[in-house]
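> Start from the sequences, fold in the hints, and give me the full structure.
These protein sequence lines map, in sequence, to chains A and B. Residues in the first sequence are numbered consecutively from 1, following the UniProt record's numbering. Residues in the second sequence are numbered consecutively from 1, following the UniProt record's numbering.
Everything labelled a hint here was simulated from the structure, so no lab data went into it. Just so it is clear, CB atoms sit at the ideal spot from N, CA and C, and this is done for glycine as well. A hint or two may mislead.
[Claimed, not checked] Some but not every residue of chain A turned toward chain B, in silico, with C-beta under 7 Å:
(1) GLU171
(2) GLU174
(3) ALA175
(4) ARG177
(5) VAL178
(6) GLY180
(7) ALA181
(8) LEU184
(9) PRO193
(10) GLU209
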Amino acid sequence: MSLRTRAAGASPLMYVTLTFVVLLSAAPLYFMLVMASRANSDILGIPPPLLPGDQLVSNVDRVFANADVQFAEALLNTLIVASVATLAVVVTSALAGFAFAKLKFRGRNVLLVVVVATMMVPVQLGLIPLYMLMTKLGLAGGLASVTLPFLVSGFGVFFMRQYAAQAIPDELIEAARVDGASTLRIFWSIVFPALRPAAAVLGLLTFMERWNDFLWPYIALDFDHPTVQVALSRLSGGYYTDQALVMAGTLMGTLPLVLVFILFGRQIVGGIMEGGLKS
Amino acid sequence: MSRVVFEGATRVFPGQERPAVDHVDLEVADGEFLVLVGPSGCGKSTTLRMLAGLEDVDDGRILIGDRDVTRMPPKERDIAMVFQNYALYPHMTVGENMGFALRIAKVPKADITTRVAEAAELLGLTEYLDRKPKALSGGQRQRVAMGRAIVRSPRVFCMDEPLSNLDAKLRVQTRTQVAALQRRLGTTTVYVTHDQVEAMTMGDRVAVLKDGVLQQVAAPRELYDHPVNLFVAGFMGSPAMNLFELPVIDGGVEFGTRILPVPREALTGAGGSTVVVGVRPENLAVSHEGLPIVVDVVEELGSDAYLYGRADGVTPPVVARTDWRNPPVKGTTTHLEVIDPDAVHHFDPVTGHRLGR
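Shown next as structure tokens:
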């Protein structure tokens, strides 16, 4: 309510500034569309084209038709990897976050520090040991190798802990306990619904991160199991780069993310906890 | 329905030396409405939470019926709790909130619907069953919290200041409703409040706590008429009892120009040369003789008026009930006299204990 009132009172200057920022952030997306819908020779011309052309369909066709790139398979692979990881991260983070925020157990603080500390290890540092580990497990090359290491996230646990600590009053949990609920039941029936806004945000971030991940899949996956980013890198590999083709691929690789944004975004509803407690 | 027994129940919070609840011995009869009252931090909520199983018991035992529940988790105790801030599940409708415990207990769906409908009827919530808590007023939310407890037909109701979030008028209304409901259901109830008016009006008996120690357990009238110590005397009653520490002379104490007789057993009980005399505001009247005071404030409450004044040699201001049609004028000097010497309380100034009957 107060947000709406404030928005109505925003000054024209604010609108101008915001419009400018929106245009600035939308510009790369727009030019991706422009380049994806033109021939490679057009793109490189001076001045560069500012409006979309009519070659989008043929460019996209060429992306999917390229046997070396395996774009369709890459899309499916990425969807599987990102979905599994997202689901796992949301569930494990919500469970662990709830435990860290609301349950009393020995070593709680030490464990939380350990979880947070995992966030401080750079990914690059883990690449080689991780590759060795995956080889030993016999998973290197397959999709499991890019899924398994990302089923649990230190950031996710910390994020959910912070949200659970402030969003779920102790009385709510106590009320459920008195009502006879087990801890797991409390989690599913009371805590998880309350964590939904945070879970949606975390899910969105995780999905995006997995979707856009390049370095580890590039190293770990074999030729027959590319993810989208790996496939895109193949589009631009070689002596000659067809920019229109690359942009058409990038566009196809970005669309699913936009879709996920729209789907998940609706779940991010504030005020779900409103009315349960009188503060 | 069951009696509740605390046997030396003690709770020491980790990292603290002084117990929050200190060897409380208390028996609540089957179907009784017992009010736990005391100032904030006195351990009344902790005592209730120990009964509910939400707080550990470090020493002593708690029994519900004949079962020792000291180490049992809340769900095995068959109790229901009403929280100060209601603690309604925000994503569930009123009906789902009330039926949640039954659903967990795997009660058949048809039974749940019937029992929720009955409770809703009893509390006037029928038309709100499909609403979420956020679409309800404070009073309605409070009733849902009550409903959630009633639906289960538990052995004991635990209520933790359930009315303190309501506005004054609604609180008075709900007070009588809750008391009437409890009498109708006949469920043993332990009710925590810091409001001594609630304690006096609702409880069959009232237990007064201070610093985790039980001071007195008695029927409201008894508590009001015969407080066992200075704390209870000062805590129960509004405005509070006047307490004067007066020197003992010739079988009585000097009360302004009058000598107030002090019973012999009270005098022999008092070790020192002074005794604390307690007089309730309604037992003082404006007069030509007695304790001279300067009138500071006159509070007119409609049916009553209270005068607040200062007396020489008495530190706290003196409060007396006075005729609301003809209250004394602010700033003037008047005298206060004790109406009924039998209703005067005497306490030991050192120990605070009551002297005599």
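> Decide, hint by hint, whether the structure agrees.
Structure-based check of each hint:
1. Evaluation of the GLU171 (chain A) hint against chain B yields a held restraint, the C-beta minimum of about 4 Å falling below 7 Å.
2. Taking 7 Å as the C-beta contact cut-off toward chain B, the hint placing GLU174 (chain A) at the interface holds, the least distance being around 5 Å.
3. Given the 7 Å rule on beta carbons, the hint for ALA175 (chain A) holds: about 4 Å separates it from the nearest Cβ of chain B.
4. Nearest Cβ of chain B to the Cβ of ARG177 (chain A): about 5 Å, under the 7 Å cut. The hint holds.
5. Because the smallest distance between the Cβ of VAL178 (chain A) and any Cβ of chain B comes to about 5 Å, under 7 Å, the interface hint for this residue holds.
6. At a threshold of 7 Å, the smallest CB-CB gap from GLY180 (chain A) to chain B is about 4 Å, leaving the interface hint in force.
7. With its C-beta approaching chain B no nearer than about 5 Å, ALA181 (chain A) sits inside the 7 Å limit, and its interface hint holds.
8. Checking LEU184 (chain A) against chain B by beta carbon gives a least distance of about 12 Å; that is not within 7 Å, so the hint is violated.
9. For PRO193 (chain A), the interface hint holds, since its Cβ comes within 7 Å of a Cβ in chain B; the closest pair sits about 4 Å apart.
10. Contact between GLU209 (chain A) and chain B, as hinted, is not supported at the beta carbon level, the nearest pair being about 28 Å apart and thus beyond 7 Å.
Hint violations for this structure: numbers 8, 10, all remaining hints satisfied.
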